[in-house]
Amino acid sequence: MEIELKELRHGTELLKRGFASMQKGGVIMDVTNPKEAKIAEEAGAVAVMALHKVPADIRASGGIARMADPAVISAIIEAVTIPVMAKTRIGHFVESEILEALGVDMIDESEVLTPVDTHHIDKTRFTVPFVCGARDLGEALRRIAEGAAMIRTKGEAGTGDVKEAVRHMKLIMGTIRELRGKNEEELMDIARKIEAPIDLVVETAKLGRLPVVNFAAGGIATPADAALMMKLGADGVFVGSGIFKSSDPVRMAHAIVDAVNNFDDPAKLAEISKGLGDPMKGIEVGSIPREELLQVRGW
Amino acid sequence: MKIALIALQGDVSEHKRAIEAAGGEVVLVKCRGFLTDCEGIVIPGGESTTFMRLMRRAGIDRELVEAKDAGKAIFGTCAGLVILGRSEYGLGLIDAEVERNVFGTQRESFEAMLKIPVLGEEPFRAIFIRAPVIKEAGVGVEVLARIEGGIVLARQGKILVSAFHPELLGDSRLFEYFLRMIEDA
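Chains as they are written, first to last, in this note's numbering: chain A, 1 to 299; chain B, 1001 to 1185.
It is possible that some hints are incorrect.
To be verified - Restraint ranges, calculated between C-beta atoms of paired labels, are given here:
hint, chain 1, residue 1, chain 2, residue 2, range
1, A, K206, B, V1139, 46 to 54 Å
2, B, D1069, A, H119, 34 to 42 Å
3, B, E1025, A, D278, 42 to 50 Å
4, A, G208, B, E1142, 51 to 59 Å
5, B, E1025, A, P266, 23 to 31 Å
6, A, D278, B, D1061, 54 to 62 Å
7, A, G181, B, D1037, 48 to 56 Å
8, A, K170, B, R1032, 30 to 38 Å
9, B, L1169, A, E146, 36 to 44 Å
10, B, D1061, A, K170, 45 to 53 Å
To be verified - Simulated pairs of lysine-lysine, DSS-like, Cα-Cα distance not exceeding 30 Å:
hint, chain 1, residue 1, chain 2, residue 2
11, A, K274, A, K170
12, B, K1016, A, K170
13, B, K1158, A, K268
14, A, K274, B, K1002
15, A, K170, A, K193
16, A, K170, B, K1158
17, B, K1030, A, K38
18, A, K206, B, K1002
19, A, K268, B, K1030
20, B, K1158, B, K1135
21, A, K35, A, K53
22, A, K231, B, K1135
23, A, K182, B, K1016
24, A, K281, A, K38
25, A, K268, B, K1068
26, B, K1030, A, K231
27, B, K1135, A, K268
28, B, K1072, B, K1002
29, B, K1115, B, K1030
30, A, K35, A, K193
31, A, K193, A, K268
32, B, K1072, A, K206
33, A, K231, B, K1016
34, A, K268, A, K170
35, A, K38, B, K1002
36, B, K1002, B, K1158
37, A, K268, A, K231
38, A, K193, A, K206
Treat the hints as calculated values from the structure; they're not laboratory data.
Backbone N, C-alpha and C define an ideal beta-carbon position, used for all residues, glycine too.
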């Protein structure tokens, strides 16, 4: 009854989406070195996202933001047993090929880095799964059509202001609710309006949710923020600058994991939120000039 | 039949659907005090490191040991296998030495058509995601399927473990087998 390993199939849609499903109910934390990755793992993160600088620092320093140093990514992969993800620039498929060769478990085609093309990467060509940002249902379904196995709300990364993540999540969930009860012809109109493939619109209508796992991201800075996003229907959360820009990253990381786990229990959330020190200072989204917003990158 | 599904993290909704398709009734469990009311317990797939930490914080790890001693049937898939088996991440409730991420990272995750004699002739489309395997099993462990690299489905008494994900597809045979295990006891 033994089977040969050469008969196996790799990189199928099922394996990619299945990997994303295993992350559900979890927190994925941005880290820039193995030490931070260990802190994240110890706190109970389901995965870490390796990048050169957290979004708040990218925002502050300006310039071109690129894929992280492969030496650092390899060191992070060595340091933890949980999955390691890494960010690639929108359209930069060679960075993605390098990340796949390094053995990262998932690639984030991310608006936090500087885009290089008006086309997103053809993600179906890859064996490793991709996660992509989205602000609305049309954008989410376009990314899924290109092969994304997981979606995250874009929010406005590096701000510590969760309002855009809230807006994006509500917009996606609300548009999915609007699909209910529509016939094929009406769904076709919607597909045209939101610029999404009709088959994915039909599938979403049938499922009553996105066909892939949907996490929240962009501006989550406290346990209450994380629980809020779970309440709005997120399958899990990404926390970028919110942990390592707080005054006590170890406690904040633990607290956000516990908050996602107990998002529907206000009494527990109250305990979890006590005495965590200062969350990241942050910057109000409304005060950022439109041309400096990260969420408008990608289409 | 009431099945407690430990719902701390991972693909809980997929397991819920699969157990219900096999004819079980699911109770989602996130804290202590519910395992004793159920006839069977399922530990879903997820990230085993995270899952074990959350189980310890909730105190469900100790309760799982008590449930095993009380003769409850337990089924663990992927991360569930790691938690039930023997390794630094497991509780050792089944006499099996488990190694995690044996095949490598997600790039090496795979699908295989698996022959599982106890489920009948038709091969089982098995989904292995950053999968563990059983490297060595004690004499009391019945090996139900293996691939090159190790044992991927095994049973010891009322404990069932699989390295792959039977919940991700419509094939409910393995969950039906688990429910029969409870009925036959």
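- prompt: Which hint numbers doesn't this structure obey?
  reply: Of the numbered hints, 2, 4, 6, 7, 9, 10, 13, 14, 16, 22, 27, 29, 30, 31, 32, 35 do not hold.
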